[in-house]
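> Protein chains in written order, with this note's numbering: chain A, 553 to 900; chain B, 13 to 386.
Keep in mind that the hints were calculated from the coordinates and are not lab data. Treat the hints with care, since some could be wrong.
Said to hold, decoys possible - Straight-line alpha carbon distances no greater than 20 angstroms define the calculated SDA-like cross-link-like pairs of lysine to any residue that follow:
1. B:LYS14 to A:LEU823
2. B:LYS175 to B:ASP143
3. B:LYS14 to A:ARG814
4. B:LYS14 to A:GLU816
5. A:LYS694 to A:ALA656
To be verified - One-sided and incomplete, this derived list gives chain A residues near chain B with beta-carbon spacing under 10 angstroms:
6. MET878
7. PHE882
8. GLY883
9. ARG886
10. ALA892
Every residue, glycine too, gets a C-beta built ideally from N, C-alpha and C.
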Amino acid sequence: MTTNRRFAIRLDLEHGTVDMSHGAGGRAMAQLIAEVFYAHLDNELLRQGNDQALFTPPPGRLAMSTDGHVISPLFFPGGDIGCLSVHGTINDVAMAGARPLYLAAGFILEEGYPLKDLARIVASMAQAANAAGVPVVTGDTKVVERGKGDGVFITTTGVGVVPAGIAIAGDQARPGDAILVSGTLGDHGVAILSRRENLGFDVEIESDTAALHGLVAAMVTAVPDIHCLRDPTRGGLATTLNELAQQSQVGMRIHESAIPVRPEVSAACELLGLDPLYVANEGKLVAICPGERAAELLAVMRAHPLGAGASLIGEVVADPHRFVQMETTFGGSRIVDWLAGEQLPRIC
Amino acid sequence: MKYIDEFRDQQLARGLAAAIRAAARPDRQYRLMEFCGGHTHAIFRYGIADLMPANVRFIHGPGCPVCVLPMARIDQAIALATEHRVTLCTYADLMRVPAGERRSLLKAKAAGADIRMIYSTADALRIAREDPHRQVVFFAIGFETTTPPTAVAAQVARAEGLKNFSIFCNHVLTPPALHTILATAGPDGVQLDGILGPSHVSSVIGSAPYAFVPHEFGTPVVIAGFEPLDVMQSTLMLIRQLNEGRCEVENQYTRAVTEQGNRKAQALMAQVFSPRETFEWRGLGLLPHSALRLADNYADLDAERRFPVEIGTVREVKGCECPAILRGVKEPTDCRLFGTVCTPDNPMGSCMVSSEGACAAYWSYGRFRSPRDH
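Just chain B, with the same shape it has in the complex:
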C-alpha cells in the first residue's frame, strides 16, 4: 500500500529501535504518554513496546473518544431511540459501550429500537432523505478530527432543508483534556516526562495549541503520526529533547500537521458549533469549555433541543478503573475486573470496548506479558 508500507518498514523499525536503545540514558526514566488510542493501538499491534529498553515506558492517554464518553450520554442516546423513537445512526464502536444498568445500544437495538450502524455522516443524511417521515439522529462523537465532517453534515441538512435530521453532539476538545492530565500529574498522580501528541487532531487544530504544555508544565511534546514508525521516531525525538534539556513542541507528523492546522476546517467548526460551558468526561470529570454543542443558529438541528431527555445520575460499575486508566494513573492490569468479569466479549467499562481503548489493547495484544514488560 502506497503511503502506508513506507511507515511500516521493518528495517527502518529495527534501525529506530537501535537508535532509541542507544539514546536512552540508563540513569533516568522516560515515562511518555501517548495521547491517542491510535498510538496505543499501533504500539500493541506492532509489538513496539517489546523493542523499547526497560526505562522507556508508554503510558496510555485518554485520546479515545469512545472511552471518554460518560455513560449518561449513551443512556441519553438510548432514550432518543426508545422514548422519542428516532432512528439513531451511530458508528459501530459505540454499539457495545456499557451504559447505566448494563444497558447498551446493541441491547436496545435487539429490543426493537431503530439503531443503524453507519460508516460516515453521509450515510445518516441518506437515511434521512430516504424516509422523510422518520426522525433521524446522528450520534456525533469524536475529537477535533471528526468534528468538521459533522459540521458539513449540518450544513448539507440545512441546505437541503432536511427537516427530519438532527445531531446529538458529543464532540470534545483535546487541549482541555491534556491540560487536566498535566495539572493533576505529579507525585500523587501520573508521572510524565513527555507527551506523544495527537496526529489527526493536530492536522485540524495545528501544533500551536500545545504551546502551553512546555510553557506551563515544562513537559515536551512531539506531535506523532499513527503508523508504527511515526510512533518510534517520535519516541526518539522525545528522548532527545529530554536528554538535551530542551522542552518544546516538535512536530514529527509533518506530512499532515502544520503549526496553524487546517484553517478552513477550523472556520467551519466555528460556524456550526459553539463551546459548552462544561462537559463531563469519563475519568476526567467536568471540564470547562472542553466540548462543543451546535451553535444557536443551528439550534434547529440540535437533537438535544429537539428531543429533550432527562437523565438521572448514572453510576459507574463498581470496581471499574476506567477513570484512573484514562488519566494514566493506573494500568489495565491494576483493575481487578480486567480479564475476570471485564473482557472484550463482556465489557464493563468503555476502555474494554473500543479497539483504541487501553484495556482492549492490553487484552487483545499484550495480556501474556507481566505488567513490567509492556
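So that you can see chain A by itself, here it is in the shape it has in the complex:
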C-alpha cells in the first residue's frame, strides 16, 4: 500500500495540517493513513488493511492492557508522545511477566495540527515498536475541531502472552518479601516539567521512557517466583507501593537512603516543592519477590542495561493498616501516603 500511488498529489508533510476531512472516512483519510501511518508503521498484519488484525496467539494466558496518552508537551527531552505510547503499553503488558506481542493505536488529532509533527510522532512510534519487536497491527484515526483537542492524543492497546509457571499480580506480596526498583526515580516527570512553557529552568534531565519487557524477560527467567511487578508511572513510587500494599493487604517498610534519585532530579524537586517519590517514571519498575531471592534478582536486574541502577529499597511487612512507611535518613520514620490531588497534570 505504501508503494501504491493512489493519490494524485502527495500530502504536504512540510507545511500541511490536519483538517476535518482526515477523519471523515473518505479519500483524504485513506491518504493520511497511507502516507503517514502505513509509511512508518508498515508490517504484515497492518498491511492486511482490515478493520481488525487477524493472528493466532501462541499458547498460554493472554495479558491485555490499554493506555491513553495526553501528555503535554508532545515532544520532551528523551522522547515524545509517539514512543511514550508504545513504551507505556508494552510495559503495562510486561508487568504481568508477559511477552508483549502486538499493539493497536487510536489517534485523536486536532484540526490544524501540523502534518510534519504528526509524521515525526508516528516515525518515533514506529522506531520504538521496531526496537521492541512489538508491531502496531491495527489502528484508528479521528479528527476533532480546533480547540477541542490538544494536538494529538494517542491510545494504545497491547496484548501479550504469559509464560507458563508465572503468576505475577498485585495481590501476591507477602510479609518478608523484598522490594526492588530498577533505577533512578522521577526522571520522566522532571524532564516534562523542564519543558512546560511556564517553567523556564534548564535541566539536563531526559525522560527515562523505555520498553521494559526485555528486562522483565530476564527477571522472570532467573526468578520465576517474582510476586509483583508494576511500573511506577503517574503518582510515582509512593502511589505504586500503596496500590500494591492495598491489593495484597500488607504493609511496607522502605529505606530512604536506598532509594535512587539523580541529584539533578532531587534539586529540581527541591525547587518546585515536589517529592521525587511521587514523580512519574516511564522506564522503571518495582519488583517484589521472596526475600531469599532478592540478591539473585537484584544481580539479574543490574546486569541488564535498563536495570543497571537497580536497588533493594525495603521489605513487605504485616500491617492491618496497609501503610507504607519509610525510615528517613535521620533514623525517624514517616508514612509515604497516596498522592493527594494532582501533583503534575498531563504527565503521560
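The hints should help you fit chain B onto chain A, whose structure is shown.
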C-alpha cells in the same frame, strides 16, 4: 545539592538528637511552638519528632498562609473570576482550599472560570501582557516572605502601564499573629515554653521585631531555618535557654537572617502597601494592623477597589477544628473530622490542604502514631 545536603546530614542529626536528649531535663516539659508550616513539614518529613525525648513536644503554629486565609477571601476570589470574569492567577496551593458551601477555586475552574495556576508573579504579568483585553488578577497571599515580590509586580505593572493587571492582596504580618497566640496562651489555652521563630519571614523583617516575645510574655524565641538540622539545632538552643533561665531572641538562621533584616525589601513594601485597620485570620479572628493592602498611590492596581465584591458571612464547616489547631490549642487528632470525612483528597478545612498545614502533615506523614508519640 550544595547548600542543602549540609543541612540534612544524618551524622550531624544523630549527634544533635543525642545532645537534645542529654540537655532535656527529665523533670520539666519543653512545649515548643514551631511557628511556620515549613518547620512542621520538616519535622514530619524527616521524622524529627521520633528523635525527641517524650518531654520535648512540638506544637504547630499558624505560619501557613493558606491555612490562615479565611473562607470569605476565597469566596471573594471566586467571585472575581465568576462575576467579574477576570483571569485569576493563583498559586496551586490555593486551588483546593474549601470556600463557603463546599466551593473551591478548583471547582470554579472546572465550571468554566478562567483560573490559572502560576509559579511566580512574573507568570501573572506575562499573562496580562499577552492578552491586553483580559483583566488579569493576581491572588497575592503570604507572610512578609512573599510580599516583596508582589510589590515588585505592582511596580513593574505601573512602569509598563499594564492597565489590565491588578492584585487581590491578602498579605499578612507575622508579629501580630504571634502576639495574639501568646496573649491567649496560658492555662485555658495553649501552653508554650518557647517559640521556633520564622526563618524566611525573618530574612525580610529581621529578628528585632520579635523582641516583644521575651519582654512582654517571658517566652524565649529562636529564629529557626527550615532544614531539618536547623530545626533540631534551634530546638537545642531553646532547651538551653530554658535550662539556663535565659529568655531572649536568638538567631539560629544566621546564614539568612540579620537583626534588621532586608532593608531594601522593607522599603519596597512600605512604598507599595499600607497596613489594614483590621483583617480576619482563620482561627485567630480579627487582628488589628495584621495585614496589608495596596497603598493609596497604588489604588488603581487594587483588585478589591477595581472589582467590588459583596461577600456575606461565610460559615465554617461544622465540627472543623482548624481554628483551634491554628492557635495550637488542639491537635489534628483531636478533631473528629480528621481522617474520617476530612482527608487531603477531600479537605474540609484549610489545614488539610496545604502541605504545610498541620492536619495534612499529620495525615501524610504521621497518622500511624498514637497522639502521645508525635
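> So, for every hint listed, does it hold in this structure?
Do the hints match the structure? See the list:
1. B:LYS14 to A:LEU823: holds (13 angstroms)
2. B:LYS175 to B:ASP143: holds (11 angstroms)
3. B:LYS14 to A:ARG814: Given that 20 angstroms is the threshold and the Cα spacing comes to 14 angstroms, the pair holds.
4. B:LYS14 to A:GLU816: holds (11 angstroms)
5. A:LYS694 to A:ALA656: It holds: about 14 angstroms lies between the C-alpha atoms, which stays within 20 angstroms.
6. MET878: holds (8 angstroms)
7. PHE882: holds (5 angstroms)
8. GLY883: holds (7 angstroms)
9. ARG886: holds (4 angstroms)
10. ALA892: Result: holds, 3 angstroms to nearest chain B Cβ.
Violated hints: none; the structure is consistent with every hint.
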